[in-house]
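**Student:** Line by line, the protein sequences give chains A and B. Residue 58 in this note's numbering is what sits at position 58 of the first sequence, and the numbering runs on without skipping anything. Residue 275 in this note's numbering is what sits at position 275 of the second sequence, and the numbering runs on without skipping anything.
Everything labelled a hint here was simulated from the structure, so no lab data went into it. Because the structure is a prediction, the values reported are computed rather than measured. Be a bit skeptical, because a hint or two may be false.
Which copy? The list can't say, so a pair holds if one copy fits it or any two copies do.
Derived DSBU-like pairs: lysine-lysine, alpha-carbon spacing no greater than 35 Å straight-line [stated by the list, open to error]:
1. Lys276 x Lys335
2. Lys96 x Lys279
3. Lys337 x Lys276
4. Lys272 x Lys326
5. Lys94 x Lys78
6. Lys65 x Lys395
7. Lys415 x Lys307
8. Lys96 x Lys307
9. Lys65 x Lys96
10. Lys84 x Lys262
There are 2 protein chains.
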Amino acid sequence: MLESQLHLKTQKELPRDETSVNASLLIRAGFIEKLTAGVYNFLPLGLRVLNNIESIIREEMIQMKGEEILMASLHPKKNWQITKRWQQFNALFKTKSRFGQEYALGPTHEEVVTPLAQRLISSYRDLPLYLFQIQTKFRDEPRPKSGLLRGKEFIMKDLYSFHQNEKDLDEYYEKMKKSYQRIFKKCGLDAVITEASGGTFSRLSHEFQVLNPEGEDLIYYCSHCGFARNKEIAQSLKKCPQCSTPLQQKRGIEVGNIFKLKDKYSHPFGLKFLDKDGKEQNVLMGCYGIGVSRLVGVIPEVHHDEKGMIWPETIAPYLIHLLYLKTGQNDQDKKTKEQADRLYQMMQKKNRSVLYDDRENISNGEKLVEADLIGLPYRVIMSAKTLKNKMVEFKERKKKKAEMISERDFDKILKSK
Amino acid sequence: MLESQLHLKTQKELPRDETSVNASLLIRAGFIEKLTAGVYNFLPLGLRVLNNIESIIREEMIQMKGEEILMASLHPKKNWQITKRWQQFNALFKTKSRFGQEYALGPTHEEVVTPLAQRLISSYRDLPLYLFQIQTKFRDEPRPKSGLLRGKEFIMKDLYSFHQNEKDLDEYYEKMKKSYQRIFKKCGLDAVITEASGGTFSRLSHEFQVLNPEGEDLIYYCSHCGFARNKEIAQSLKKCPQCSTPLQQKRGIEVGNIFKLKDKYSHPFGLKFLDKDGKEQNVLMGCYGIGVSRLVGVIPEVHHDEKGMIWPETIAPYLIHLLYLKTGQNDQDKKTKEQADRLYQMMQKKNRSVLYDDRENISNGEKLVEADLIGLPYRVIMSAKTLKNKMVEFKERKKKKAEMISERDFDKILKSK
């Protein structure tokens, strides 16, 4: 992508009420724009990050035998009355048609997926069933101030599983724990599996917490065996119940959660199946969420330095940032530009993911500052210095130093990516 | 995809109030589910169709230099007050936070994209700019009864263009007409460019109308030169203004529309740019919409027969439907199944898009009826009849007759796709 054709505008000023690190970085770098408190627009680079995260999650969910669907956001009031959550779900946005119908704006989809599953399930032969979607959710959160970490509108992956019995639910639940760990690892995050409240119908649920001082959650964490429990359900825990090591208190950002719903929703909606003996039984359910747009915030919240973001290769909007720098001497600059253009075309031909800062009316200093802020994993600089001997200046964003290497060596590095 | 693993349930009964051909076919074939009037869930096959349409549109929009973004659905009241549409847009869904803020649920995005563009545009050097998204819209339509043709919640592609002057806007507008015709053609649709109301600020807008008796719009149409004008703006037009041929009255389904907004939105939001002489001028805008989820309905509305849908190759959820049929003789059935399995694996290896009806507990008759209803472009049947001589029974969905061909010839046909 030619940066001269990408209407990317980095900015120095921030919305006054934007205090979070992630929103500050993402807005300044032109990845997102704040529309109003807790509501953001994704600009081209931000959308590419979102799409990369979605692809990682989608691939894993398909591995987990999930069938992808897309459910609506306008939920009939009736469905939310059946579960009593029309009144009880505090953060529910509601809207009313001029013709009288009332709707909830889906903050989660149990009220829609359960009756949907009813059409697909009649006998034990139809189980297990795994349905997932990647879709926009609405929650009327109080004072959202954490950028993409907590929004009134956000994108979530939600998978719902349907089972014959607890054993089958338990097995899938454990597999999903591993799948989630693979997902977060691919996103460049270490997530700690944390015991959390199971509500009234399950002993425990599990959250995936990224330890970070910006986190909203307080958790007890064992640095020895990795045990973690949300403070919500563990008022004063001193030693690890698994290995007796003294526990630490840490802050965490929740990036995913999994829940055994059992018959909490299948019961009110009458979602039953005929078992092998022809007896009618409640279907048992699990639900498994990941905050997809939240991850767009969590990753730079964790991976940044004083100069800007540092994107993992798997997530970065582009892999390579190619910069053309000027000296002010027209002749030489023309040659440098030609060399940079040629390198860009070569990378295009080889299908490399590259953003090429070919702009003429921007100073070298601004280009370098912007490149640090945007934080693509690899940077290649073409300048008067590199013009001789067909060298390129190569730098990994996460490392301090650049190195001068031959084009051939550069090509080798690219090939390994 | 193995049909035994896809939780596809076709159904004979329909929601009582569902009278449209498209919803009837799509619901019966298990592509979509009706949640409530004008609101649908996309099931796996329906989502694949939606994704195929999105890909065709996205590719064209990128060709048209569109930069993809994703704007939010919760729009602050203030933005809609600036354009006076908070009161004037009848179909606007509104919602209110428990903390007091009021929002419109975006039915279109001029109120969001115009201030967004303000951040990206300061001088003539930043123009033209083309921003597009594929995103969910909300409109409180009266009595939605046409299935996916008119929904309260639907997916739209909206592109907004920003220009220095009318000449530039006009040129892009004409290019977009051609781009839209390419899109609809790729979707298997003939769309007629139809003159429609330009509102108070433009002489005309243009709609893309698919001529069909189910259409809501009445248009005057010239079968000789292709001229078309919406009856809304042409109370009694008898002869074609271009070639004097007597006009016909036709019904049309609107699948896209393009509009020269000029400064209708840039003016109230103060979206200006500095021209080459350093003078401040209003940016001129155009907008270009396609009903993406509506197309999921329009295509089977146009392409079906008494047995079911007939998907164009570009749009079909899978290209080939492989069916394994039984005789009831276990030995022979086992061999047929082996042959079908082998063919499926071969196709998988070659990366063909195939749905394999490998189910054992469904009768041959049901399989054939379902395959007609689902309407994939090509069908391959493996049965006792085909077992000898390594033949396969091959049928194009849109043709009446099947033919017995060798596996080698079948492979050749596949290769050409």
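**Student:** None of the hints should be skipped; say for each whether it holds.
**Tutor:** Verification of the hints:
In this homomeric assembly, Lys276 and Lys335 come within 35 Å of each other (Cα to Cα) only across copies, at 29 Å, whereas the closest approach inside a single copy is 77 Å. For the identical chains of this complex, Lys96 and Lys279 are neighbours neither inside a copy (41 Å) nor across copies (46 Å), given an alpha-carbon limit of 35 Å. Within a single copy, Lys337 and Lys276 get their C-alpha atoms only as close as 72 Å, which misses the 35 Å cut-off; across copies the closest is 26 Å, which meets it. Proximity of Lys272 and Lys326 under a CA criterion of 35 Å is satisfied inter-copy only: 31 Å between copies versus 70 Å inside one chain copy.
Proximity of Lys94 to Lys78 under the C-alpha cut-off of 35 Å is found in both arrangements, the shortest distances being 12 Å within a copy and 19 Å between copies. For the homomeric pair Lys65 and Lys395, the shortest alpha-carbon distance between copies (31 Å) is at most 35 Å, but the shortest distance inside one copy (40 Å) is not. Only within a single protomer do Lys415 and Lys307 lie at most 35 Å apart by alpha-carbon distance; the minimum there is 28 Å, versus 52 Å between protomers. Taking the closest pair of Cα atoms, Lys96 and Lys307 never come within 35 Å of each other, the shortest separation being 47 Å inside a single copy and 39 Å across copies.
Taking the closest pair of Cα atoms, Lys65 and Lys96 never come within 35 Å of each other, the shortest separation being 37 Å inside a single copy and 38 Å across copies. Proximity of Lys84 and Lys262 under a CA criterion of 35 Å is satisfied intra-copy only: 17 Å inside one chain copy versus 49 Å between copies.
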